[in-house]
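Numbering (our numbering), first residue to last: 134 to 276.
Bear in mind the hints are in silico, worked out from the structure with no lab data behind them.
Do not take every clue at face value.
[Stated by the list, open to error] Mimicking DSS-like on lysine-lysine, the simulated pairs with C-alpha atoms at most 30 Å apart in a straight line are:
1) K207 - K166
2) K256 - K166
3) K166 - K237
4) K207 - K237
5) K259 - K207
6) K259 - K203
7) K256 - K237
8) K237 - K203
9) K259 - K237
10) K166 - K203
11) K256 - K203
12) K259 - K166
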Amino acid sequence: MSRGIESIGFTGTQAGMTTLQLQSFQALLQLVKSAKLHHGDCIGADAEAHDIATNLEMSTVIHPPLDDRKRAFKWSDVVRPARAYLDRNHDIVDETDVLLATPKESLEVLRSGTWATVRYAYKQGKLVLLILPDGLLRYIRSS
């Protein structure tokens, strides 16, 4: 997975990752430790992803939301200007080579920021790796 991957986008839920998602996420990041991890700096999965990445000594890029109420306030050398949720999620996809997503559900949900980001990445032709709640991986890529 590491060949040609310089930057990884991440999206997940405020509820955080399941134990199995956390384990799979960490295993994947160990394969791409030289890449930069871009995330949205919200409580839950973003904060967990950030902590795993920094423990692996990976660089991070934070794309904070305008609304501070659910922000994790993680530290990074690179912090993009705050933007509305949808806009910053698109920025994360647009600035990265691949998207890692840890949805709360195994099947797509329409009214979900995580799934909306997955759909946007797919439409942009990005490789999307879903880490499902049971820790299993599923990848999707538009042709």
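How the hints compare with the structure:
{"no.": "1", "hint": "K207 - K166", "result": "holds (19 Å)"}
{"no.": "2", "hint": "K256 - K166", "result": "holds (27 Å)"}
{"no.": "3", "hint": "K166 - K237", "result": "holds (25 Å)"}
{"no.": "4", "hint": "K207 - K237", "result": "holds (22 Å)"}
{"no.": "5", "hint": "K259 - K207", "result": "holds (26 Å)"}
{"no.": "6", "hint": "K259 - K203", "result": "holds (27 Å)"}
{"no.": "7", "hint": "K256 - K237", "result": "holds (21 Å)"}
{"no.": "8", "hint": "K237 - K203", "result": "holds (17 Å)"}
{"no.": "9", "hint": "K259 - K237", "result": "holds (21 Å)"}
{"no.": "10", "hint": "K166 - K203", "result": "holds (27 Å)"}
{"no.": "11", "hint": "K256 - K203", "result": "holds (27 Å)"}
{"no.": "12", "hint": "K259 - K166", "result": "holds (20 Å)"}
When each numbered hint is compared with the structure, no violation occurs for any of them.
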